[in-house]
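Asker: So you can see what is in the structure, the chains are spelled out below.
Protein chains: 2
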Amino acid sequence: MARAKRTGRRTGNPDTRSEILGAARRLFADEGYESVSMRRIAGEAGVDPSLIHHYFGSKDELFMAAIELPFDPAPEVEAALQAGGIDGAGERLVHAFVRIWDGAHRDKLLAVVRSSLSKPAMSFVLKQLFEHRIVKTVQATLGDTVDHIPVRANFIASQVFGLVVARYILKLEPLASLGEKELAETIGPTIDRYLTMPVGHLTRDS
Amino acid sequence: MARAKRTGRRTGNPDTRSEILGAARRLFADEGYESVSMRRIAGEAGVDPSLIHHYFGSKDELFMAAIELPFDPAPEVEAALQAGGIDGAGERLVHAFVRIWDGAHRDKLLAVVRSSLSKPAMSFVLKQLFEHRIVKTVQATLGDTVDHIPVRANFIASQVFGLVVARYILKLEPLASLGEKELAETIGPTIDRYLTMPVGHLTRDS
Numbered sequence: 001m002a003r004a005k006r007t008g009r010r011t012g013n014p015d016t017r018s019e020i021l022g023a024a025r026r027l028f029a030d031e032g033y034e035s036v037s038m039r040r041i042a043g044e045a046g047v048d049p050s051l052i053h054h055y056f057g058s059k060d061e062l063f064m065a066a067i068e069l070p071f072d073p074a075p076e077v078e079a080a081l082q083a084g085g086i087d088g089a090g091e092r093l094v095h096a097f098v099r100i101w102d103g104a105h106r107d108k109l110l111a112v113v114r115s116s117l118s119k120p121a122m123s124f125v126l127k128q129l130f131e132h133r134i135v136k137t138v139q140a141t142l143g144d145t146v147d148h149i150p151v152r153a154n155f156i157a158s159q160v161f162g163l164v165v166a167r168y169i170l171k172l173e174p175l176a177s178l179g180e181k182e183l184a185e186t187i188g189p190t191i192d193r194y195l196t197m198p199v200g201h202l203t204r205d206s
Numbered sequence: 001m002a003r004a005k006r007t008g009r010r011t012g013n014p015d016t017r018s019e020i021l022g023a024a025r026r027l028f029a030d031e032g033y034e035s036v037s038m039r040r041i042a043g044e045a046g047v048d049p050s051l052i053h054h055y056f057g058s059k060d061e062l063f064m065a066a067i068e069l070p071f072d073p074a075p076e077v078e079a080a081l082q083a084g085g086i087d088g089a090g091e092r093l094v095h096a097f098v099r100i101w102d103g104a105h106r107d108k109l110l111a112v113v114r115s116s117l118s119k120p121a122m123s124f125v126l127k128q129l130f131e132h133r134i135v136k137t138v139q140a141t142l143g144d145t146v147d148h149i150p151v152r153a154n155f156i157a158s159q160v161f162g163l164v165v166a167r168y169i170l171k172l173e174p175l176a177s178l179g180e181k182e183l184a185e186t187i188g189p190t191i192d193r194y195l196t197m198p199v200g201h202l203t204r205d206s
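Chains G and X are the protein sequences, given in the same order.
Position 34 of the first sequence, counted from 1, bears residue number 34 in the UniProt record's numbering, the numbering being contiguous throughout.
Position 41 of the second sequence, counted from 1, bears residue number 41 in the UniProt record's numbering, the numbering being contiguous throughout.
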């Protein structure tokens with residue numbers, strides 16, 4: 001029972017579950033989220049593919065479990081962007097981001113970020129999360145009105161990751177003590193600029 | 001001789017040197033850069049204060065050695081800011097920053113940042129470096145023309161730390177492949193905004 005605690009509610013057989021997670025981490029890190037199938041992970045773990053569905057549901061859910069993220073950030077991003085389109089999108093994104101980080105998941109998120117920033121294999125996995133969940137969500141939500149979303153998302157990420165470092169890791173003052181509203185008003189316009197400035201010269205995508 | 005390599009050019013007695021560094025790290029982390037004297041560090045290390053001066057020179061140099069930073073960033077910040085005052089300061093800072101990171105020190109800097117972000121005691125030391133070297137340098141250089149520098153420096157740091165994470169740790173593309181000029185043109189205006197926007201409502205300093 002001591003091990004079952006780590007595996008969440010659907011515990012099942014902890015050995016099978018951790019075999020699957022280990023195989024998923026290795027394959028996602030080596031070959032990338034997109035190119036690895038559930039069948040492939042099952043083969044690597046030496047289990048029947050139906051067991052992965054049984055334990056984890058979808059590939060996205062398996063991915064979140066593999067990187068030990070307490071929830072999927074993509075729906076939060078989608079909700080913040082869809083609430084009013086491009087106008088004020090930066091402020092809404094910062095509000096959502098700070099609300100999540102200031103909430104119950106902070107310690108768990110901090111653990112994921114610390115390990116992602118210190119271990120190269122985990123950095124690669126965080127990069128995959130960003131590229132295959134966040135950028136795609138922004139593309140699906142704003143793709144009709146905003147061009148060159150991948151490079152814009154890179155710069156937005158640079159500001160948002162830096163907010164995590166400054167506020168939650170280094171705890172710089174007074175930034176670490178500011179409220180959600182002050183942060184959204186200060187950083188939101190930076191994100192809006194990255195969403196709207198001309199960036200064609202920075203990218204080869206279409 | 002195997003140990004001498006880690007201790008740089010002025011090797012001296014590696015035991016004495018590492019005793020001093022260990023004492024400095026502990027005291028800087030526990031009590032802060034400002035409140036710890038060289039004499040105090042000498043006492044903690046059990047050596048004569050003159051030995052610290054002999055091995056490390058100034059308190060600043062001891063601090064850089066204690067956090068294993070390959071060079072002092074303060075003069076770079078000072079040069080970038082003094083070159084033309086507040087106009088275009090953001091672009092010049094990003095140019096200087098990317099030039100340093102894209103240069104010979106990258107691996108060493110990355111090691112310092114990785115350990116600072118993953119180990120809380122090292123995070124505290126990086127915070128001290130920021131507060132007692134960088135913020136003070138900005139204050140000394142721009143303090144006559146810019147108010148509320150500490151809170152502005154917090155937001156600038158959030159963008160600059162995030163650039164490190166996005167470009168050098170996660171290696172997000174296309175950002176990681178962009179040149180110094182493109183990064184300075186894109187991120188410089190963000191820093192200029194943090195240097196010039198009204199921030200009185202975010203701070204209690206004067």
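There could be a bad hint or two in this list.
Simulated restraints, written as ranges between beta carbons of each label pair [to be verified]:
hint, chain 1, residue 1, chain 2, residue 2, range
1, X, K181, G, P174, 27 to 35 angstroms
2, X, T145, G, R40, 23 to 31 angstroms
3, G, A121, X, G84, 19 to 27 angstroms
4, X, F71, G, P174, 24 to 32 angstroms
5, X, R204, G, K108, 37 to 45 angstroms
6, G, D102, X, H201, 14 to 22 angstroms
What the hints contain is simulated information worked out from the structure, not anything from laboratory work.
Keep in mind the model is a prediction, meaning the values are calculated, not measured.
For glycine and all other residues, C-beta sits at the position ideal for the given N, C-alpha and C.
Asker: Compare the structure with each hint and give your call.
Answerer: Quick rundown of the hints versus the structure:
{"no.": "1", "hint": "K181(X) - P174(G): 27 to 35 angstroms", "verdict": "holds, 33 angstroms"}
{"no.": "2", "hint": "T145(X) - R40(G): 23 to 31 angstroms", "verdict": "violated, 60 angstroms"}
{"no.": "3", "hint": "A121(G) - G84(X): 19 to 27 angstroms", "verdict": "violated, 43 angstroms"}
{"no.": "4", "hint": "F71(X) - P174(G): 24 to 32 angstroms", "verdict": "holds, 29 angstroms"}
{"no.": "5", "hint": "R204(X) - K108(G): 37 to 45 angstroms", "verdict": "violated, 32 angstroms"}
{"no.": "6", "hint": "D102(G) - H201(X): 14 to 22 angstroms", "verdict": "holds, 20 angstroms"}
Hint compliance for this structure: hints 2, 3, 5 are broken, all remaining hints hold.
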